[in-house]
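J.: Turn these sequences into a full structure, and let the hints steer you where they fit.
There are 2 protein chains.
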Amino acid sequence: MSGTIWSVDEHLEDILAAVKPLEPIELHLPDAQGCVLVDDVVVQVALPPFDNSSMDGYAVRISDVEGASEEFPAVLTVIGDVAAGDGGLPDGRSVGPGEAARIMTGAPLPAGAEAVVPVEWTDGGTGAGPAESMRAHSDAPEGASGEVRVHRPVKPRAHVRAKGSDVKPGDLALRAGSVVGPPQIGLLAAIGRSTVRVRPRPRVVVLSTGSELAQPGEELTGGRIYDSNSFALTAAARDAGAIAYRVPAVADDAETLRATIEDQLIRADIVVTTGGVSVGAYDVVKEALSSVGDEDAAGGGVDFRKLAMQPGKPQGFGSIGPEHTPLLALPGNPVSSYVSFELFVRPAILTLMGLEDVHRPSVRATLDTDAALSSPPGKRQFLRGTYDAEAGTVTPVGGPGSHLIAALAQADALIVLPEDVTSAEPGTEAEVILLR
Amino acid sequence: MSGTIWSVDEHLEDILAAVKPLEPIELHLPDAQGCVLVDDVVVQVALPPFDNSSMDGYAVRISDVEGASEEFPAVLTVIGDVAAGDGGLPDGRSVGPGEAARIMTGAPLPAGAEAVVPVEWTDGGTGAGPAESMRAHSDAPEGASGEVRVHRPVKPRAHVRAKGSDVKPGDLALRAGSVVGPPQIGLLAAIGRSTVRVRPRPRVVVLSTGSELAQPGEELTGGRIYDSNSFALTAAARDAGAIAYRVPAVADDAETLRATIEDQLIRADIVVTTGGVSVGAYDVVKEALSSVGDEDAAGGGVDFRKLAMQPGKPQGFGSIGPEHTPLLALPGNPVSSYVSFELFVRPAILTLMGLEDVHRPSVRATLDTDAALSSPPGKRQFLRGTYDAEAGTVTPVGGPGSHLIAALAQADALIVLPEDVTSAEPGTEAEVILLR
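Sequences listed follow chains A and B, in order.
Just so we're aligned, residue 118 is where the first sequence starts under my numbering, counting upward by one.
Just so we're aligned, residue 118 is where the second sequence starts under my numbering, counting upward by one.
I should point out that these hints are in silico values taken from the structure, not numbers from a laboratory.
Even for Gly, the Cβ is constructed at its ideal location relative to N, Cα and C.
Be a bit skeptical, because a hint or two may be false.
[To be verified] DSS-like, lysine-lysine: derived pairs with alpha carbons at most 25 Å apart:
1. A:272 to B:430
2. A:430 to B:272
3. B:280 to A:430
4. A:280 to B:430
[Said to hold, decoys possible] Reference excerpt, derived from the structure (chain B facing chain A, CB under 8 Å, subset only):
5. 146
6. 173
7. 204
8. 253
9. 298
10. 333
11. 399
12. 503
13. 522
[To be verified] Derived coverage of chain A by chain B (criterion: at least 3 residues anywhere in the stretch with Cβ under 8 Å from a Cβ of chain B; other residues may be distant):
14. 161-174
15. 182-191
16. 217-223
17. 238-252
T.: Structure below.
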């Protein structure tokens, strides 16, 4: 670690320049949820694939129902049912003059018919007044024959959804780069796609280091604290869309740490460590990471830096092992590691996923605070806050201390105080990164 | 189905009155992600659990470093290291006059010491100029002994994080009703909780019906279309936080449908069907759902209604089987079923999860459209649109047809045209439900 101080932007730029989207994979639709499309998806079939009825009713010829009214209904002979899923009328029949076919929503318009009369505009074949619905086929099979009285005329193509009126072959269904969410999955299924080429979810290994770390549920003995980083960052990685593996705290021993990371590389698209990156005598992450993986292959190596930010000054980034797996070494304080995750790891994960916009939304908001917020000169400070969208205000929670994890759990935003700001007065505006 | 028309609000109210939050379960932290806390979580340990150093440096007595400068350093005898995880100095020693302990970030302040001097304010025990960092213990074990020159005085308690300064025993860590996200998981781990009592993720069975439905990847034969609802709604249920099971299309046969639903009840906290709820002769969902489950037990039954909405007029809701499992029967058109899911199923899922606010955020936005939007009188219409937060505008995509699933995949909002609106002019304001 040299005396150079790096800016937040320089560090992030270096990370994003080194991390590349994962190689694409063909996945079944349910597995592709949340992933990014690699190719434009072009429609191969027309939707709907055939002219079909948008109502339950009767398929008729226009001239047969001209001038029809409840008093003077058009009386038509029902020649059969066309249900959804049928290819048309039984025996390939068509609707001739004076005839009607009973038709269900989504069923193909039979040959000869020019429009659909909704069942509510007819007597439903009962010979009584206007029908509210069709008689169920299972109760009254005779509904598929006999006579129907039509009470109103219809225009050509009325209640008919034309073939290709939704999409046509050759249409662009979804652009490369689209995120496959529920409606996109619906569209892909509707056009017959059972699989789609996407970038897979990145596999993130989160590993906390520190001899002081006990696992939650264990008894705390002198000098120890509970490991929270591995839990919080695994959850945050999952929240970002990754498959996350948590490796419980590794003690401050370079050999153990190196062996553990080497073991994990097999299932890692990116490795995140916490702790051991500062200037102490037992900060073994730096020591361990100089020779992880295959020492004969160029493994990149990890660079440790001081950043002009608070919290989160000490940071490591590089790649390790024969596959040049990216590794981010975050500081160990819970708030420092969480803020570092938001600023550096999350964008790296979203980049691996193939997303274009890898940043949390940020807004300008008015500082709602009793006293001025102070910030060290030359450092970008990230304070935890709660954002009120209605009022356009942000209120700091907890203090600047990087151990205030209780306050972090109340926050939904980071308040950014730039390098040249040493004091931010109540009522002034600040940049706010929205965490939810 | 009677002639009564129900409003959207009445239908939703009936659903939310009948659906109850699931019984709580004790889950390990990683499994509780996204779930809702059942109890207030009270802190049992102090955080930090002991006075500890916020820097890598030297634990000293104040009077020993009074007036120290680089020119006239205070020279102290290093009596040992206190690393993170240690209970204190070796052999229970304390820091006496003229002595210092080398201390690491997070390590307990040893007895006798009153403050910490950062290593950068000392020579790091090298006898040379100001140190940038400590020598690694593995390289230079002598750093834990010898002398250190301190270049600056410190105030009492400087660089010491006091026991309990984050949280104290008895403090409220998280309120009942909080959603367990990454920072909350971090806090729970930090206070030693390995498990937490939450409401489990609801298990949602999504089942599409219709003899016309082919599975994506299959060849389409006459009159058939691809099943998209089961894919889209399973994904949407998962997106809402549920564990979702997709049951591929069931043909329009009441006996098969009844048997399939009975089979599924074992893994369902809620059942969602699509299709078969309208007025056609083959709408078997209604027929089948009158006697699902144990016929001798009161199973509730399912009520089928016409709602004053477009799309989505025909809807069914009730409970089935011996456990009174809630069931929502949605219409079969892809856009109708998706809009119905958003309006009725998603709030039901969030209610099962124990959330208080079960609604998507909605905003007022200006209609950015060339021509007026028309809406049927007496019906609440939901049009698909894209919302521009910057401009505060919403632009309709696709038409009002409920089969326009391609447009749905481009939308990120629903434009709501109320019952009393028949025409909405460009430039006027409308309510917009944000889908992302």
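J.: Now, for every hint given, state plainly whether the structure supports it.
T.: We went through each hint and held it up to the structure:
no. : hint           : result
1   : A:272 to B:430 : holds (23 Å)
2   : A:430 to B:272 : holds (23 Å)
3   : B:280 to A:430 : holds (23 Å)
4   : A:280 to B:430 : holds (23 Å)
5   : 146            : holds (5 Å)
6   : 173            : holds (4 Å)
7   : 204            : holds (3 Å)
8   : 253            : holds (6 Å)
9   : 298            : holds (7 Å)
10  : 333            : holds (4 Å)
11  : 399            : holds (5 Å)
12  : 503            : violated (12 Å)
13  : 522            : holds (5 Å)
14  : 161-174        : holds (count 7)
15  : 182-191        : violated (count 0)
16  : 217-223        : holds (count 4)
17  : 238-252        : holds (count 4)
Checked against the numbered hints given earlier, the structure breaks hints 12 and 15 and satisfies all the rest.
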